[in-house]
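The whole structure should be built from the sequences, with the hints applied where relevant.
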Amino acid sequence: MPFFDPVHSGFYSEDRNDIPKGAVRISEELRTELIKTGLPIALNSDGIPTPVYPSEPSAAERLKSRHGVKTKEVDTACESAIISGFQSAALGTPHRYSSQLDDQLNLTGAILRGLDMPYACRDEQGVRDFRLHTAEQLRQVGDDFTLYKLQLLQRANALKQQLDLALAAGDIEAMQAITWEAAAS
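The numbering of the sequence shown is numbering that gives the first Met the number 0, which starts it at 0 and goes up by one.
Keep in mind that a hint or two might mislead.
Below, in silico cross-link-like pairs of lysine-lysine (DSS-like), each with a Cα-Cα straight-line distance of 27 Å or less [said to hold, decoys possible]:
| hint | residue 1 | residue 2 |
| --- | --- | --- |
| 1 | K35 | K20 |
| 2 | K71 | K148 |
| 3 | K159 | K148 |
| 4 | K159 | K71 |
| 5 | K159 | K63 |
Hints are computed from structural coordinates only; laboratory data are not their basis.
Here it is in C-alpha cells:
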C-alpha cells in the first residue's frame, strides 16, 4: 500500500522505503490518479491528497506579468537595433558600420590604437571593404556609434517609464499600445 508525504510531496511504498512521519496511507488507484494529473498535490481539509489546480491569475498579476513581457520586448528590440549597424559620415560620405558586440570591441581597439588604419564599412552601394581611416575618422565613427547607441538606450528607457506608469495606473490597454515600433514613428 502506498503513502503520500505532504512535506516532500512524494509517494512512498512500505516494501521499498522508510515511510516519513506525517505520510498518509492512500490506495494504489489514488496514487495512479494523482500522478496522471501532473499537478502539484496537497492534503485537502479531510487530510486526503488531492491535486492542486492552478487558479486564474488576478488582474493585478496579469498586468504585472504583461509588464514583464513588454519590458523584455523593449530590451530585446533595443539590443537588436544596437547590433544592427549604424551610419557614419566620418569618411566624408555616409558609410554603414557593423555593430555586433565583436564589432564594437574592434572599433574600440582601433580608436585606442590611435593610428591611421583600414577599417571595415559599407559604402552607399553596400560594398563592404576595409577603407583607410585616419585616427580622427575612427574617433568620429566611435562618437557616431556612441550617440546612436545612447539615443536607442534613451528611447528604451522612455518606453520602460511609460510601461511603469501604465502598471501603476493599472492600464493594460495603455501598456499594450507601448511598442518599440510605435515609438519610432
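Status of each hint after checking the structure:
1. Pair hint K35 plus K20 holds up; C-alpha atoms about 25 Å apart against a cutoff of 27 Å.
2. Taking the CA atoms of K71 and K148, the gap is about 18 Å. The hint holds against a cut of 27 Å.
3. In summary, the hint linking K159 to K148 is supported, as the alpha carbons are separated by about 17 Å, within the 27 Å threshold.
4. Between the alpha carbons of K159 and K71 the distance comes to roughly 10 Å, so the proposed pair stays at or under 27 Å and holds.
5. Between K159 and K63 the CA atoms are separated by roughly 13 Å; this keeps the pair inside 27 Å, and the hint holds.
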